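Visitor: So the sequences go chain by chain: P, L, R and A. The first sequence begins at 2 in our numbering and counts up one residue at a time. The second sequence begins at 63 in our numbering and counts up one residue at a time. The third sequence begins at 96 in our numbering and counts up one residue at a time. The fourth sequence begins at 2 in our numbering and counts up one residue at a time.
Where hints are given, some of them may not hold.
[What the hints assert, rightly or not] Now the in silico label distances, taken between C-beta atoms and shown as ranges:
1. Pro-180(L) with His-112(A): 48 to 56 Å
2. Met-327(R) with Ala-204(L): 35 to 43 Å
3. Leu-354(P) with Val-127(A): 43 to 51 Å
4. Val-381(R) with Val-280(P): 40 to 48 Å
5. Glu-275(P) with Val-127(A): 45 to 53 Å
6. Arg-20(A) with Gly-141(R): 37 to 45 Å
Everything labelled a hint here was simulated from the structure, so no lab data went into it. As the structure is a prediction and not an experimental result, all values here were calculated from the model. Cβ atoms here follow ideal geometry from the backbone N, Cα and C, with glycine treated the same way.
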Amino acid sequence: MTDEEHMGWQITSEGTQRPGPLPRGLRRIPRGVDELATEHLVLNMGPQHPSTHGVLHVLVELDGEEVIAAEASLGYLHRGIEKLAESRRYHQVPTLLDRADYLSGLHTETAWALTVEKLAGIEVPRKASWLRSLLMELNRYASHLVWIGTFGLDAGAMAPFLYIMRDREMILDVLEAITGSRMMFNYVRPGGVVADIPAGIDAKIREWLSHASGWLDENDALLGGNEIFRLRMNGTGVIDRTTALAFGMTGGCLRASGVDYDLRRDVPYCAYPELEFEVPTGQRGDNWDRYVVRVGEMRQCLRLIRQLLDGMPEGEFSSKRSRALKVPAGESYAAVESPRGELGIHLVSDGGLTPYRMRLRSPAYFNLAVVDEALAGGLIADAIVTLGSLDIVLGEIDR
Amino acid sequence: MPATRPADVLHACGIPFEASTEVLGEVVRLDVSLIADALAALEESGFDFLVDLFATDTGERLEVTWHLRAFAQRSDLYLKALVDYDGSAPSVWETYPAALYPEREAAELLGMTFTGHPNPKRLLTTDGTEPLLRKSVLIRTAEEVRRPS
Amino acid sequence: MSTALGVLARFGAMIGLLLVNGVVLIYMLRKVLGRLHLRIGPNRVGPWGILQTINDVIKLLTKEDLRPDSADAWLFNIAPFLIFVPSFMAYIPLVFGPTLAVTSLDTGLLLAFALTSLVPLGVLMAGWSSNSKWSLLGGMRAAGLQIAYEVPLLLSALGPVMMAGSLDPVKIVAAQSGVWLGFIPRWFVLPQLIAFVVYAISSQAETQQTPFDMSEAESELITGFANEYGGMRFSFMYLAEFSNMFVVSAIGTMLFFGGWQLPWLATPAWLAPLVFMAKTYTGIFVMMWARGSLPRFRVDQMLSFCWKVLIPVSLAWVVLWACIQRLWPVVSVAVSR
Amino acid sequence: MWGSGILNGMRITMRNMLRGPITVMYPEQKLVIPERARWAVAQLYDADGNPKCTACRICENECPDHVLSVVVSPIEGGGKHIDDYVYEVGACMMCGLCVEACPYDAIEMSHEYELATRDPHDLVRVLLHDVDAASPRRVKGGDDA
Chain P
2 MTDEEHMGWQ
12 ITSEGTQRPG
22 PLPRGLRRIP
32 RGVDELATEH
42 LVLNMGPQHP
52 STHGVLHVLV
62 ELDGEEVIAA
72 EASLGYLHRG
82 IEKLAESRRY
92 HQVPTLLDRA
102 DYLSGLHTET
112 AWALTVEKLA
122 GIEVPRKASW
132 LRSLLMELNR
142 YASHLVWIGT
152 FGLDAGAMAP
162 FLYIMRDREM
172 ILDVLEAITG
182 SRMMFNYVRP
192 GGVVADIPAG
202 IDAKIREWLS
212 HASGWLDEND
222 ALLGGNEIFR
232 LRMNGTGVID
242 RTTALAFGMT
252 GGCLRASGVD
262 YDLRRDVPYC
272 AYPELEFEVP
282 TGQRGDNWDR
292 YVVRVGEMRQ
302 CLRLIRQLLD
312 GMPEGEFSSK
322 RSRALKVPAG
332 ESYAAVESPR
342 GELGIHLVSD
352 GGLTPYRMRL
362 RSPAYFNLAV
372 VDEALAGGLI
382 ADAIVTLGSL
392 DIVLGEIDR
Chain L
63 MPATRPADVL
73 HACGIPFEAS
83 TEVLGEVVRL
93 DVSLIADALA
103 ALEESGFDFL
113 VDLFATDTGE
123 RLEVTWHLRA
133 FAQRSDLYLK
143 ALVDYDGSAP
153 SVWETYPAAL
163 YPEREAAELL
173 GMTFTGHPNP
183 KRLLTTDGTE
193 PLLRKSVLIR
203 TAEEVRRPS
Chain R
96 MSTALGVLAR
106 FGAMIGLLLV
116 NGVVLIYMLR
126 KVLGRLHLRI
136 GPNRVGPWGI
146 LQTINDVIKL
156 LTKEDLRPDS
166 ADAWLFNIAP
176 FLIFVPSFMA
186 YIPLVFGPTL
196 AVTSLDTGLL
206 LAFALTSLVP
216 LGVLMAGWSS
226 NSKWSLLGGM
236 RAAGLQIAYE
246 VPLLLSALGP
256 VMMAGSLDPV
266 KIVAAQSGVW
276 LGFIPRWFVL
286 PQLIAFVVYA
296 ISSQAETQQT
306 PFDMSEAESE
316 LITGFANEYG
326 GMRFSFMYLA
336 EFSNMFVVSA
346 IGTMLFFGGW
356 QLPWLATPAW
366 LAPLVFMAKT
376 YTGIFVMMWA
386 RGSLPRFRVD
396 QMLSFCWKVL
406 IPVSLAWVVL
416 WACIQRLWPV
426 VSVAVSR
Chain A
2 MWGSGILNGM
12 RITMRNMLRG
22 PITVMYPEQK
32 LVIPERARWA
42 VAQLYDADGN
52 PKCTACRICE
62 NECPDHVLSV
72 VVSPIEGGGK
82 HIDDYVYEVG
92 ACMMCGLCVE
102 ACPYDAIEMS
112 HEYELATRDP
122 HDLVRVLLHD
132 VDAASPRRVK
142 GGDDA
């Protein structure tokens, strides 16, 4: 295959021409990686590789060190969550969803609760909304911490990964004290939350908050302040605005490409309409922008957590509901801004005890689809960093 | 960017459809053969973002849903079309590259094809797996799962 | 007869030093990295975990000697020794005390650099013969980088060599005794600061430590050229890495920090080796500290940094220093007149 | 620029080194488990040492992973007899739905978290064996009093 053919061009008797305009956001037809190409080296990155963040398998076609094409091969963590949900009652589904995006289970749970509430017409007490928001922000911060650490590891810096554990342990302790579990919360249910926050937890969160900002500055100085890191990030893994939109990217990746869109502000849910925060955006959509946007989001997170603690209302934490919740037949969709982007749940109900069809619109799944566009043209080292900057969680991608 | 309503756009293209407003939002039901044209027209009218694509087994046929969003107007639109079991729908990857993965996923998990997909390999499951999300595929019941000592 | 025995004894001591060094350095690396990262490091085997490395060595030595089926057997088997032997031989010109060296050579420094520059050959061989894509990429990177960084490493050593007027490490160390202006130790690091910075950077690259560990690149190539190795062969490569660290740090001590001499004081002969080791280990600690703190360069950035920054700077410094040294007597005479 | 960021980074790591490790030496030191932490399911007993379980089998029905199975046989003259209350701890995901559902507070999510074992038989536990189930009225009354 010649280079011209590869890039979607054809050589005919009239000269070189394109077979037609390529769809927006694409440089060439995404045929995948030719596994039998011998002039290039096809590298099987993963499923056991330290930098694929789980069991992702990326086929990378290399010309020397340069990446020619890349293709993600998924499914190593496919547990059939969507199928399993069809056999579980509405209040049992969150146990599955915790395991979909294991770094931010509360977001998935809340998305589920919002979807069911929308279809069943359940009113949620104000306190429950605020509690959900508080926990989601804590969880978002924890998830971003893991991202900043693993991103550092991808770039070769070991220190941040271990420093973030100091913060994260404190957050997980708080979440465990509130929900009963460190990662698999099972706390948000349709109609509200399972329990009120225990006494004394407010002080514990505030104690963490007093350190968090300084620790974040430390990690930011270790990575963002470092010249080597900047050299690595600037101008690599560029995903421009058109590509990002065309591939359905959401969250920090989309904002880094210059699209100012945040569900918390634009399609408000829970307590967010009452809160003040900014939405950081980038311009070029390279790795550096994605880094800056996420670190900016973490700072906004701290701001939101403070507001949520100060304004926590009194009242019921859950509306009265029967355990065997029946949802009228119909469909609904609700989404939350998870650390990775728009996490939506599409629910189809036939009026029975269990959902008829549950579709999880996972943000990392769509963000990962851009892998070929983002990786091709860079070096292996850039590919690793770009994959890391997309913040993928395989549990959510493979479901 | 022409800020027209989806119904007007589809009328202008002469595509027959059936629109309704449900809990879900604005839903447009149309024949599967018209999907490619409808999506191309809608994309041009400002629905530049494919939020999701998935299929549901309704018991008799498969219902494919295209979830579109117009960023400028902040409005969502759901297109639905019915496909026979093992039938096919046109691939819309040229209009929405975001459809590349979900089309592969829907194809393998519900047993259908998307014609024109550039890389129609399986995405999540291995070759030979039955279409898992069909209602005819049953998962183990509680009695089968329990392993009393 | 007595000379032959003496040489044998010295070689024996050298091998002992090398093995003890390897074990100590691996333990030290794990402890230092642990502490830098708010961890404890090894702490289960023996008091404070000091027996951990011995445990690991025994484990590695008793492991099955595996070779991939499709590997080039001969090259695959010989590569670890090609990496290990030169780094071990590079101990020969090190001067541990006024009379404590394996042998005194007029061109000792040259020998040390020549031997360390053989290492990339073995690395390339290991990467190629493993018949693994990851190893191949790692081997290629190592060859490209280590050869490139040889150049500034050598050039930066020229400054101290000019000051001492000899390539013999014993004479270079001896030239650094005494003080300038009554209180500044006559260490070459002060006038040769630029050369020292270049030396520090390129020695970090030469020993493949983070920010320059592209050939291993944990998060990219897993362990690069050493990917397919296990057991004893892997332990040889691992040992060579630490032995290299020791060698570059020891040479740095001799070139820039007065070798075995204490500042200001006369150094008793029994104390000299301890002073030398203390200085060398401080250098190694700094290398490990950088390793625990910094992200990794990209391969092309690292190469262009070497060819476009380090080499021109060190070349210019060599020329500048030659001019200074040549003109200084003239100028000082003119000034005093 | 000019390496100041690199030096600053090294300063930060050194400062953290001097702060000392944050490791908890696990088997010797243990963290305090929060009150709500959910670990292995355990049976609760009343003051007389009889299980509070009434063999209503709601927990069995509620468990999403079907790890609980209660084998019940009726007693002649009223009441139930629990032949076996089997809990497959190896498959349990500690979601706590069974405890939430239990109308008699007869089970709890205990704080027993060291569940690793060398013996696969330990992964299936028989929480109750060959005991008479409590009568629902007695358990309720006991709670009220």
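Visitor: Please go over all the hints and tell whether each is borne out by the structure.
Guide: Status of each hint after checking the structure:
One distance hint, 48 to 56 Å for the beta-carbon pair Pro-180(L) and His-112(A), holds here, with the actual separation near 54 Å. Met-327(R) and Ala-204(L) have their C-beta atoms about 54 Å apart, which leaves the hinted 35 to 43 Å range violated. Distance hint check for Leu-354(P) and Val-127(A): the Cβ-Cβ separation is about 30 Å, which falls outside the suggested range of 43 to 51 Å. At about 43 Å, the beta-carbon gap between Val-381(R) and Val-280(P) stays in the expected band of 40 to 48 Å.
At roughly 52 Å, the beta carbons of Glu-275(P) and Val-127(A) sit within the given window of 45 to 53 Å. At about 26 Å, the CB distance of Arg-20(A) to Gly-141(R) disagrees with the hint of 37 to 45 Å.
In this structure, the earlier hints numbered 2, 3 and 6 are contradicted, and the remaining ones agree with it.
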